[in-house]
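Chains A and B are the protein sequences, given in the same order. Taking the working numbering, the leading residue of the first sequence gets 1, the next gets one more, and so forth. Taking the working numbering, the leading residue of the second sequence gets 160, the next gets one more, and so forth.
Keep in mind the hints are simulated off the structure, nothing from the lab. Glycine included, every Cβ here is placed at the ideal spot set by N, Cα and C. Take the hints with a grain of salt, since some may be wrong.
[To be verified] Taking lysine-lysine pairs in the DSSO-like style, the calculated list, with each CA pair at most 30 Å apart, reads:
| id | chain 1 | residue 1 | chain 2 | residue 2 |
| --- | --- | --- | --- | --- |
| 1 | A | K156 | A | K107 |
| 2 | A | K156 | B | K199 |
| 3 | A | K140 | B | K217 |
[Stated by the list, open to error] Computed footprint of chain A on chain B; a stretch qualifies when at least three of its residues, placed anywhere within it, have a C-beta under 8 Å from a C-beta of chain A:
| id | stretch |
| --- | --- |
| 4 | 171-180 |
| 5 | 223-231 |
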Amino acid sequence: MIFVTVGTQFGFDRLTKAVDVWASAQQRVECFAQIGGGDYEPRSMEWKRYLEPEEFERIFEECDLVVAHAGMGTIITALLKGKPVIVLPRLARFSEHRNDHQVATAKKLSSLEGCHFAADTEDVLRYLNSPEALQGGCLKADELDGLIGNLEFFIKNSV
Amino acid sequence: MKKILAVASFGGHWIQLRRLAPLFDRHITTYVSTEKMLGKTVSPSDFYGVIDAAKETKLKLLWLSCNALFILLRVRPDVVITTGAAPGLVFLVLGKILGSKTIWLDSIANAEELSLSGKLAKRWADLWLTQWSDVAERTEASYLGRVL
């Protein structure tokens, strides 16, 4: 099952439409889309606007692949669960976000295993058409352990 | 053990904050977020739900500030730590004024420069952090690690 998610703040019609059109041409693919405030309503995918935390968790567990905007919550969850995630950044010129920070984020995070950067919807479709090439990542703990240790040090000594 | 007030907007900010759970579990931590339903995910720690607000919604910010003041006076944290967004900044500033130590951890989503709230947090944060070492090199923010 492919899980498309656009986050809790804005819709992302460019992404949901591209995947919906792709899904309509497939024989046997199951897709679920969380479309947020978007105007486009999918015809070939099951969809909902927002998901409760438990639903989000369950769908994430069940899916094989995630297609998403460059939202941290989604990317972190995907990496934590070892699900490959295709990331399409929102762009300011399409009024998809205030600025283009998602592009830099997506590019930087694509250095992490399991996170696949898509510059545009064509890239997304290319990935969708060869899913075997997509690996799920697993998070290494070094950076996090370092951060926690440093914060603990600060709290112990300066507070 | 210290009293920590951990604040983050619902969504990616919250998920990043919760990656620091091993730290929070070692102290007395109270959580704050903009989605009430998150409360049960941090039980038995205390949790406060507040309204979401940003620079475009000045009245909501005002109401949020009153709420924040109430919570800070009630909890009296030693440390206020936040991953943003604007609500986190409100708690950080008011927390500093009331005598807490403060930590701003800019979202990992900001891979080139700090967020707007992050930039505003500078003079109110004892630890002013970015999660990208190259951003730390180019700005006065510090790098102490990443949640990913």
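- Query: Are at least 3 residues of the stretch 223-231 of chain B within less than 8 Å of chain A when you compare beta carbons?
  - Reply: Our answer is that it is violated, as 0 residues pass the Cβ test (under 8 Å) against chain A, missing three.
- Mind checking, does the stretch 171-180 of chain B have 3 or more residues with a CB under 8 Å from chain A? holds (count 7)
- Task: Would you mind confirming whether the straight-line C-alpha gap from K140(A) to K217(B) stays at or under 30 Å?
- Result: Since the Cα atoms of K140(A) and K217(B) sit roughly 41 Å apart, the hinted pair is violated (cutoff 30 Å).
- Query: K156(A) and K199(B): Cα distance at most 30 Å?
  - Reply: holds (28 Å)
- Within a Cα-Cα threshold of 30 Å, do K156(A) and K107(A) meet the stated pairing? violated (36 Å)
When held up to the earlier numbered hints, the structure conflicts with 1, 3, 5 and fits the remainder.
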